[in-house]
Amino acid sequence: MARVVSDEIRALARLCRLELEEAEIERFSADLSRIVAHIETLAGIEVEGVEPFVGPEAPAAQLRADTPATPLARERALAPVPAHDEEFVLVPRFKDEM
Amino acid sequence: MAAEFVGMGAARLAAAVAEGEVTAAALLEAHLDRISALDGEVRAWRHLDLEGARAQAAAVDAARARGERLGPLAGVPVGLKDIFVVEGMPTQCSSRMLEGWVPGYQGTHAQRMREAGAVLVGKLAMDEFAMGSSNENGPDPSVHNPWDLDFVPGGSSGGSAAAVAARMVPLSLGSDTGGSIRQPASFCGVAGLKPSYGRVSRAGMIAFASSLDQAGPMALEVEDLALALELLAGADPKDASCVDLPVPDLRAACRGELAGMRVGLHRAALGLEGLDAGVRACFEDAIARMREAGAEIVDIELPHFDAAVACYYVLCTAEAASNLARYDGLRFGHRVPDADLEVQYAKSRASGFGDEVKRRIMLGTFVLRADSYEAYYGRAMKVRRKIAEDYTAAFARCDLIASPVSPVAGFRLGERVDDPLAMYLSDVFTVGVNLAGLPALSVPSGFAKVGERELPVGLQLIAPAFEEARLFRAGAAFERLTPALRERVPPLLAKGGA
Amino acid sequence: MSLHDYELVVGLEIHCQLATRSKLFTDCPFDTGGEPNTRVDPFTLGWPGTLPVPNAEAVRLATRLALALDCELQAHSRFARKHYFYPDLPHGYQITQADAPYAKGGAIPFAPGKALPLERIHMESDAGKTTHGVREGVSGVDYNRAGAPLVEIVSLPALRSAKDAAEVLRSLRQLVRWLGVSEGDMEKGSLRCDANVSLRPRGVEALGTRCEIKNLNSFKFLEAAIGAEARRQADLLDRGEAVVQSTMAYEVDADRTWVMRSKEDAADYLYFPEPDLPPLRLEAAWLDAQREALPELPGPRRDRYLAAGLSDYDAEQLTADRATGDYFDAVCEAGAGAKAACNWIIGELAAAMKAEKLEMVACPVTPAQLAEIIALVEADTINGRAAKQVFEAVFAGEGAPREIVERKGLGQVSDRAALEAVVAEILAAHPDQLAALRGGKAKLRGFFVGQVMKQTRGRANPQVVQALLDAAIAER
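Residue numbers (the working numbering), protein chains in the order written: chain A, 1 to 98; chain B, 99 to 596; chain C, 597 to 1072.
Hints may contain errors.
A few chain A residues facing chain B, derived, Cβ under 10 Å [as the list claims (entries may be wrong)]:
(1) Val-4
(2) Ala-13
(3) Arg-14
(4) Leu-15
(5) Glu-24
(6) Ile-35
(7) Glu-40
(8) Gln-62
Keep in mind the hints are simulated off the structure, nothing from the lab.
These numbers come from a predicted model, not from an experiment.
Where a beta carbon is used, it is the ideal one built from N, C-alpha and C, also for glycine.
Starting from the given sequences, assemble the full structure and let the hints guide the process.
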């Protein structure tokens, strides 16, 4: 049976950028362990050779004509931004390595 | 007096406005009176746009005075689940993460409702990011079931269901990812439709799980759902997954009969552990009524029925973890400033999201990790195909499938908050429909005892993809078989505002 | 061991921005050069409730490129989400194609008989741009570029030299411009290259551990960076140390590479199929039509010119871009000989265009006009010198060639009697030079020809003048 240990929870939390308190880590560890155990019942289903089902498919993929619309005015684009100046969305400096 | 119109269906109200029996303005005020009388207890509304609604109502009345042709919902007060984007109206998905966000663009649903003349009254409460079955998830006060204030209204479209049940609006919009329209409709004794995947645009509906989400209407009468779906359905240049299929005359379908329809019954599911006896009795009674009305009841098999919940929670949490990655505190929404970007991300997201949302992001991330992808996500996508194929096979034998909506008629506020797995398992009757992309209707079918209390119970009807017309034919016919249900109102109304 | 004892193995990952008017998944325009955050819309910014809708033109351009590179186009492909948290990535994921790209295989021809085989090409959306230090400790993000359409061309590790890598990139740039698929401008970033570099001892088959050098934005830097990385890896191997799989950056000034991050801290991108987008289907009939619509490609065109008797150099010049070759073909079509047409185009015409900073498509001399000038020369109606004057006049918009010849009186004088008189007069006027010429100072021939031309205002037929001079010198 699955046991999602605290260290794994910490690694997951880092991966999805959630700062968790110790109590939360304990709780999520217990919750996820039970849920993952239930999910693992899927292992009992024979799926050899079955094509993955990504989603109900539209009969034809809708493509769009290459017609540019009017972009947002910058004030509107920046209006909901928590930290911005007249031009940019502002972020704390970070290690640029992408 | 406009008050007498409160409690009537949407189509009836639109006709009343069109005929001049009542003005849109008076109709709005009467419904607002109801809201102010009852919402202190029900708490269905997150945001009321009084000024905007009054302006829209006045515009309808002015248009009528000028002799203009009115839209099919002209003057009808409508509420939108807080998941729908309405330009200029706070839209928060009941999350602290979107505190203060006022969308700078118009969503498709709000636009189509407005074009039909509907008066958008405001935003309805929900579980945070539509994750939950009880309306207890999120920073806001819980919604109470108008039939019994100690009970939850269901979720995640609990506010949308409660507002209709309390006759605060005749029509509301909800969203359904795994049962979020049908289950609260059942709990609150109203009708709710989850359309086929791709029938209604998702543009302007905040994403929870993209391959499962569908918007749909909730109302007191099945025919109002048909009217709303006709207005909402159809291709949208802003959603590539929304199909360009003609929408049949669904209101005409509502005049059909049950006689001659083959209704599939998956008997094995009725042996489910945890299926409440009262709910089961109610369902069996509904089957009997349909048979009496001339429907042919046929047995069907859904061999992977038991796998649906596990499959669903793998897929929906993965998609949710992905869809919620954009909430990073940079371009909109909640932010906890820090000099270190990584700390800012982690603090902003940890304090912006509630427990259930965090739990699902973690689970979704877990199943998507490169080293567990095949065992969890990859496998679930394959199981999903098997589940979808089960339905296809079943529909070779029947026109519709009937089932309960939820194993229970309801539960008390706080009763299940500490047991997420039990909460998930109660979605057993609804999630398969979303996995297969099918349309399904929840229609009131009776009442069941929960302890000393009595709560409404819904009947679920499921059709093949894009065969909503069958649901309306059967659902409206069933409604005509149970006229007493339409007459019965929550005790709260008798006591107070009504 | 030294660098010579190792074999260099290079693979390229080239990002090429497609020349559409709107972004890959939204109708927001993305022309470069706009003020920060003025080419954005609700989808670009990741506003809740917005969804991607693919741009048909991006699909067409991507298909066109893949067909030209002889890839296997996939009838059915799918987009995927690649997740990472980064300020310039507004959704928290990039929409790309992972296990189901739209094109597989193919190759980039880069020299006669040489081609770099490809693994795949896939479509994906671009990220925004960050400016560091807009104020102390703060960076500014501009989302104009976010969501711009890209194709990523992934090669096999099949190159053996840094020079070839640069050649591949040059050929690809030529091709994307040729096809109208991309601006292919490395400076503006519409063509960007990463290089995977590894070394293996000569004679060994197994590939060594590779490192990926990111963001090489010129042919020169690509070549230099591969060289620098090869040196670094050779030094490690010589010291008996292992090469650790890493992502590298190239420092131009120091001409060296350094480790940005190693494989151990590689992120888990949580790839999964993009649920907002149905699969992309390319219909066979549509693909056939796209194949039909492909222009003649640089390679075949070069071969055709060589077969027509042009030199390697000439063929190279005429295929530098598609418009030049198209122009050349039109001049030949209008009756001119290949060599004469080529000389005019890469000579006078190219110089005039360069002086006026004109693109070939805006050439003021029509192919028919140039062919007419060439015909006038060949018919001895005008001489070479007059032809240049005619060309300049046509270029300046003064009219049709024949008209200009007449208006300006540039017609060639080939009449022996008339020219004989002029020659006699000139010889008489310069007895000293004549004596010197007869004495063997051959250079003075030119002087006399020049004098005759001056006298006839450039109209004398040079051949006739030469013949008359020969006769006059011989006679005494």
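**Message:** Hint compliance check: list the failing hint numbers for this structure, sorted ascending.
**Reply:** none
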